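Visitor: Here are the chains, one letter per residue:
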Amino acid sequence: MSNIDTIREFVVENFLFGDSAQLTDEMSFLENGIIDSTGILEMITFLEENYKVKIDDDELVPENLDSLMNISAFLDKKLDGMSVPKEEGK
Amino acid sequence: MQFNLDVLKINCAEETKRVTQFVTEQVAKGYRRKGVVVGLSGGIDSAVMCALAVEAVGKDKVVGLILPERESNPVSSQYAVSHAKELGIEFREIDITPTVDSVASYSQRDEFIRKLIPGYTPGCKYNITLPTDLLDRASFNFYVLQVKLPDGTLEKKRLNLEEFRTITSFANIKIRSRMIHLYAEAERRNLIVAGTTNRTEFILGDFCKYGDGGTDIEALAHLYKNQIYQLADHLAVVSEIIDRAPSPDTFSLPVNDQEFFFRIPFDKLDFLLYAWEHQVPVEQTSKVLDISDEAVKRAFKDFASKNHATAHLRVPAYSLDGDVS
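Chains A and B, in that order, give the protein sequences. Last residue of the first sequence: 90 (the numbering used here), numbering continuous. Last residue of the second sequence: 325 (the numbering used here), numbering continuous.
Same shape as in the complex, but just chain A (with noise of 0.2 Å):
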């Protein structure tokens, strides 16, 4: 499975109830209430235990979290190595 379908199934399952058919891979999940802010605290652990990463606190920005296309972009880079965006003016 992706990571992309992986994630997905996390959303679905933990914050849509089984639900899949709203949720595109674009949409944003704070604008269109779909993950609040303390479901965004449930997918920075999520990712961490399911992936072994460590997100650092600049990098927890919509950028890197507010989709599943976000996400898995973040985490294909986290993977890699490679450097990821970060707040501004760091």
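No wet-lab data here; the hints were simulated from the structure. Remember, it's a predicted structure, so these values are computed and weren't measured experimentally. Hints are not guaranteed to be accurate.
[What the hints assert, rightly or not] No more than 25 Å apart at the CA atoms, straight line, and that leaves these computed lysine-lysine pairs for DSS-like:
| id | chain 1 | residue 1 | chain 2 | residue 2 |
| --- | --- | --- | --- | --- |
| 1 | B | Lys287 | B | Lys301 |
| 2 | A | Lys78 | B | Lys156 |
| 3 | A | Lys54 | B | Lys157 |
| 4 | B | Lys209 | B | Lys306 |
| 5 | B | Lys156 | A | Lys54 |
Given the structure of chain A, go ahead and fit chain B onto it with the hints provided.
Guide: Just chain B now, with coordinates in the frame of chain A:
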């Protein structure tokens, strides 16, 4: 939509009349009780509510309860006493430490914090904070536990959801203990419990269900924090209370409301919230407040997220008929 730096200005005399009329009606007709009890935290909201209650029903029918626990800032009680004396009301100070400890002990909480930060020992001061610079940069709402170690250094740890929930549940026991004491007093003396939540807190969910949200009336819930300050001046609330930074006063290491919840400086917060609630366009809002469009968009997003995430706090309980209200 008219939006400028005067939108939050209120006619304090008229507003006082409006609120006091509401309080009087609720005491006499809504609940048919003898007066009002207010929990005095030493902060601006409870000070204003208490002063309004005195205006409404008279100082002899208002009781102030000051409810510190062992980690409260001592100046909070001091300011609350000074305000109660100024108003001439009956007041009493009750240490709620045993109540809090009977639900979940401080030592249990200490143990939990020590698991997160091993250098923590009982008596170390701690708090939890959010990134405060939402207007300057985009970031999610993640809480950081801060502990001041015995050697004076500040150690920090980002909390995951379970850790955040556990620490919040400990903190909310303090707030709910106050509600129990307020209702014990209210029932015994046939009074109503007046809440002190303002509109800024109400809309964004900065209150605890069945804690400071467990009340008989919320006479300030239509007023932004900015307007509470206007009323405080009008009602001659003691200056120590007006001048201190708003704080939840729930953690032993001081933290202000911007660090704990709002993430936006108070001189901008209410204007942004007003603009979001009244659908003022982003460009108009940014121009009036002299901040970037991006900053306004981030604030609006955060408001939408907090309002959505805390919707359950604003209804008493759901039932098959909707909310039970």
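Visitor: Given the hinted pair Lys287(B) and Lys301(B), is their Cα-Cα distance within 25 Å?
Guide: holds (18 Å)
Visitor: Please verify whether Lys156(B) and Lys54(A) have alpha carbons no more than 25 Å apart.
Guide: holds (16 Å)
Visitor: For the pair supplied as a hint, Lys78(A) and Lys156(B), confirm whether the alpha-carbon distance does not exceed 25 Å.
Guide: holds (24 Å)
Visitor: Given the hint that Lys54(A) pairs with Lys157(B), test it: the Cα-Cα distance must not exceed 25 Å.
Guide: holds (13 Å)
Visitor: Are the Cα positions of Lys209(B) and Lys306(B) separated by 25 Å at most?
Guide: holds (15 Å)
Against the hints set out earlier in the document, no violation occurs for any number.
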